[in-house]
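*Asks:* Chains as they are written, first to last, in the working numbering: chain H, 18 to 181; chain G, 196 to 686.
Worth double-checking, as some hints may not be accurate.
[To be verified] List of simulated lysine-lysine pairs, DSS-like, C-alpha gap at most 25 Å: (1) G/Lys559 <-> H/Lys163; (2) G/Lys281 <-> H/Lys59; (3) H/Lys85 <-> G/Lys504; (4) H/Lys72 <-> H/Lys163; (5) H/Lys85 <-> H/Lys59; (6) H/Lys104 <-> G/Lys504; (7) G/Lys340 <-> G/Lys504; (8) H/Lys72 <-> G/Lys504; (9) G/Lys340 <-> G/Lys396.
[As the list claims (entries may be wrong)] Not the full set, but computed from the structure, chain H residues with beta-carbon under 10 Å of chain G: (10) Ala49; (11) Asn81; (12) Leu138; (13) Arg141; (14) Arg145.
Read the hints as simulated data drawn from the structure, not as lab findings.
Cβ coordinates follow ideal geometry from the N, Cα and C atoms, glycine included.
These are the residues of each chain, in order.
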Amino acid sequence: MKTRRPFLTACVAISCLVAMSGITTPVGAGEAKTRLAIVVAKDSPVSDISFYELKRLYLGERVNAAGKRLLPLNLTPNSRERGAFDKTVLSMSPDAIARYWVDRKIRGDSGPPKTIEPLDLLQRVVARLDGAIGYAPVTEIRPELKALRIDGKGPHDSGYPLEF
Amino acid sequence: MSAVRSTRLSAIAKIGLLLALFPAPARAQAGVDATPPAADGEPAAPAPTIVTPSEAAPAAGAPSAAVAVPAAPSSAQVAPTQDDAKADAAAEAAAAEAASGAASADGEETDHVRLNLYGFADFSYSTPLGKTELGSPYSSFAVGKLNLYASAELGDNWRSMAEIRFMYLPNGSTGAPGTIPAPRRTDTSASDYTDVGRPVKWGGISIERAWLEHTFHPALTVRVGAFMTPYGIWNVDHGSPVIIGVRKPYVIGEGLFPEHQTGLEIYGTWNLGPSQVGYHLTLSNGRGPIDSYQDLDHNKAVGGRLFVKHDDPGWGTLTIGASGYKGTYTDSYDVYEVSAAGGLKVTHPITAQYKELSLAADVKWELGGLLVQSELIMSDVAYTDGLRPPVYPVSGGPPGFAPDHRRVGLYGLAGYRFAFLGIMPFFGGENYDAGAGSNTPASSALWGGLNVRPTARVVLKAQFTHAWFAKWEGPSFGDYNGLDLQAAWSF
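Okay, chain G solo, but in the shape it has when bound (with noise of 0.2 Å):
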């Protein structure tokens, strides 16, 4: 099996020996430099600059493989005037080394596939403030997201990533809440037999996408696998270092959209001058117990995002997007007979069932420091008679079925992020109804806080949000006063 190496690793190598046997002069000679500092210039580049076509732009038919600057064959300078042969030979190296690399390309060997490893995690403080009846009473320290990306130019404009979340679920789960009566919480102990069988949890992992895309252009890409859903902003933005806030907008974590979809999707852009236009369509197994693999009906799920960028000197970017998704909900389970005439027979009947349509629209606005931006999401979901789930509402009377509902949603975040530390002061508010038979009445929260980036890497948060719920014919939940403090970071 040919070697799949880190990009980071062997450029390491090659530059610490190159450091290592011409401490000064290599440098130059090389064409190297180490990782510029975060505030210097991209963090997320290669430290060395190897210049690598295959991750920067493999063009078809063009070298796929790692260009590396060749290392010094002596200790001269490369500099323009000084040695312009060997500046000649340094170059053309890089070019030979180019021109080799396009057997990789081929399929011919994978040698210089350069796999990038990257990811981000958080760690959060909570503490509601004031007494409430929702959630846990008590302040807690957690780490949230783990979350390891490897992506890889697979040369001819193929490109693959994946993206895994490390989580402690599922233990201590105690399921979806409300689940009446409660059931009992998840216990992952198992004896580690490492540690004379003492008792070690374990946690879960969860695929948060895993995709091969091939762009035959910029205006089209086909992508197959697990991604997600492309509608609005959060959706997109979703890890913890580039979200503003602790916590996503109440309506975002509603999931009006499935996050995630297992199919194929097409995108691409188009370029009008200062405009940029672009689609996103999606086919996918759409929504359902266990979407990630199996689709359990023959109702694909299809979607899609349109949106127009802006490009102004005077008035930043704008960005205008809008989104839709229509699939039907499934569940259901084999059951295995054996027929009159001796012949098995498979028959699935449906458990569960409701098709959904949902809708958003989102805008954006960047200049300078300043960001405004805002989605607007809603959802009907209509479920097929004689499969309606049954309701025991909280505000008493007898169970029922669950009627057709329409969700909808929508929040506001503004914020300046200034220059000192990347100080960003932001607030926000949303309003979210989740519709007819739910439990819970319509609710809107203001929030507001501080995201203080001193490096591109890292980002310190402090957000309090006051919550609030409509009156209604229920028990009073109450207002909410929480506090979230989180320190988040990218590596």
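So here's chain H without its partners, still in its complex pose (with noise of 0.2 Å):
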């Protein structure tokens, strides 16, 4: 019993230590999540798309919605919304995402979609372009797009799959 004090004691200042160091996050403590949503210009009339589409867009490959092709737009890496989108819909890390596509193109396919930021610029240039497809929190919306419902869920229903 001697010696399991001095080690419990240990434990506990260990926790407390990586507690306070920030090494753990706390999951769920009322930190509110956003929601990433997928805009297409509000006359569009592509309403829905599931996610292994939206994934396939994303990776390079042709997706048609509503007859037409759709021209996806990216942010760039190094934005909060792109990071999450990379994530949630990619599943790939930076590196990964970087390899995939010099790896792509000595295949020969086709390279990465265009990159715009700020996020403002590029909501305006989907309005603007014809078959474009972005991404936005729901909360920065611009009145000129709409959010596109994925596998038939709508960025405020419950289990829509674009949540970081």
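With the hints as a guide, bring both chains together as one complex.
*Replies:* Below you can see the structure in the form of structure tokens.
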């Protein structure tokens, strides 16, 4: 029993240090999550897209919706929304994405979606370009855009997949 | 002639001017950013954030011209709430430029076609370990591949691409291995008139592919020109920075399918939720001595590939494919004669001919950093009687003629890429049987090593290979042990 007390003390001390240093992040401690909406021009005939179509679209494959080819636009990799999009939709780290596009071009396939920043300008271009599609936090969607449902779920529905 | 501009050059010029005039605010104003570091994003993306719908997705009827986010009319920031009018003006200008670019889609001007130039290269050090009867006993440095790509979105869903390999060959070549008697080494030395006639050795180029394609629908793209045969995994990957090991598996190098073909390719995909079904169909000159530009028989080669890809959040991506190719190899020469009636008569005596049927199956599984892939390939060759090539058995005995035969090979590769420095330990094995009449016995190999990718564009590889041969009646080749180091990079 004598040897156990110093051990427990050490464990408690280490736990406190770890908690204070922020190595672990409390999950769900009242921190509001942001939902990312997939946006198109308000007058676009597209209103729904599947999660896998969205993933393929942003991995360089051609995807048609409502008889039109979709034109994906990205934010730059250092933006918060882009990071969230890549993680939740593509399930890839920034390094993996960088490797993916190099490999794809050497295979002879098309390059990555074009990037625009800031978010506001991307949204304005999406509103004006035929077939353009982008993404934005639900709370920052411009009025000339509309959010697509993903697999039938809108950004305000429970179970919406794009949340960070 | 309209200018065909390089994406990078034109974009860099705009950005350079913009940044020079308005160093800080210009970046936000114009919506441009410098190329992110490789670790932060796609290094293959054009450096500035210029919206180019023609490259990204020129839908039919959609503007195909480059939509450059307009240069700043002032140094004010384009922020959602700071200056809405200016932001609107910037976006309107982009839209207007997009609309004006529609003309290029009609072929009236090509000023907005953007040519993407990029490529890859590799440098290797190879050395046999221990005594070997196979290949050179000496270690060597070599620049292996230096391939340059030029691709362009041509508007209205037209796209073109060319890949050129620059080589030191044919200098130093001694012909196909095993040729008896060995021909003299090719010497391409020429007098260099820019250097008082001193000798310079010239090299050659190989057109790896050059094609034009039009996409009607994701399920239907038609490609014409010279293309890589769409079979399996390795032949499509083919670039040194993409492939995991230093050396390709022996069965891939043996070309049981033609590496390239010239003709027509149709391909497409269908999406079925998390699954995708895809196909490739090819019609080409097939294999021949000059198949890149002339078919020497009436038998066009046909081929195809069918694959199913399934994406599962828990199990990763699994791709299963099957490929086939059927063609006739023919070599002939032209004989010009004057007929008895005084007319010209041309005949084409055939000097070599065989039919081939190749089949392959492949599987690839990717889960996070894990990669597992395997290919099984076979090829049946049936010679036309009277046109069988002579065979000089190295095992002794009288010379004869090559029999019909079947070649079969298999390889498997597994690796795991860690996030730290992009390190991927890998290992694999292979077996290859060259079939009846071959002067080499069935061979097997095990290999393993490291593939390190410190940045997306640079790959450092080290591979150890141990190969051995099955027992047979001929002379022993012994085992082979070798070490290969390689730096491969894309640019």
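*Asks:* All hints, please: hold or fail.
*Replies:* Verification of the hints:
1. G/Lys559 <-> H/Lys163: violated, 38 Å
2. G/Lys281 <-> H/Lys59: holds, 21 Å
3. H/Lys85 <-> G/Lys504: holds, 24 Å
4. H/Lys72 <-> H/Lys163: holds, 19 Å
5. H/Lys85 <-> H/Lys59: Between H/Lys85 and H/Lys59 the Cα gap is close to 15 Å, so the pair holds against 25 Å.
6. H/Lys104 <-> G/Lys504: holds, 21 Å
7. G/Lys340 <-> G/Lys504: violated, 31 Å
8. H/Lys72 <-> G/Lys504: holds, 14 Å
9. G/Lys340 <-> G/Lys396: With a Cα-Cα distance of about 18 Å, the restraint between G/Lys340 and G/Lys396 holds, given a limit of 25 Å.
10. Ala49: This interface hint is violated because 20 Å lies over the 10 Å limit.
11. Asn81: With a closest approach of 6 Å, the H/Asn81 hint holds.
12. Leu138: holds, 4 Å
13. Arg141: With a minimum Cβ separation of about 3 Å from chain G (threshold 10 Å), the hint on H/Arg141 holds.
14. Arg145: Holds: closest Cβ of chain G sits about 4 Å from H/Arg145, inside 10 Å.
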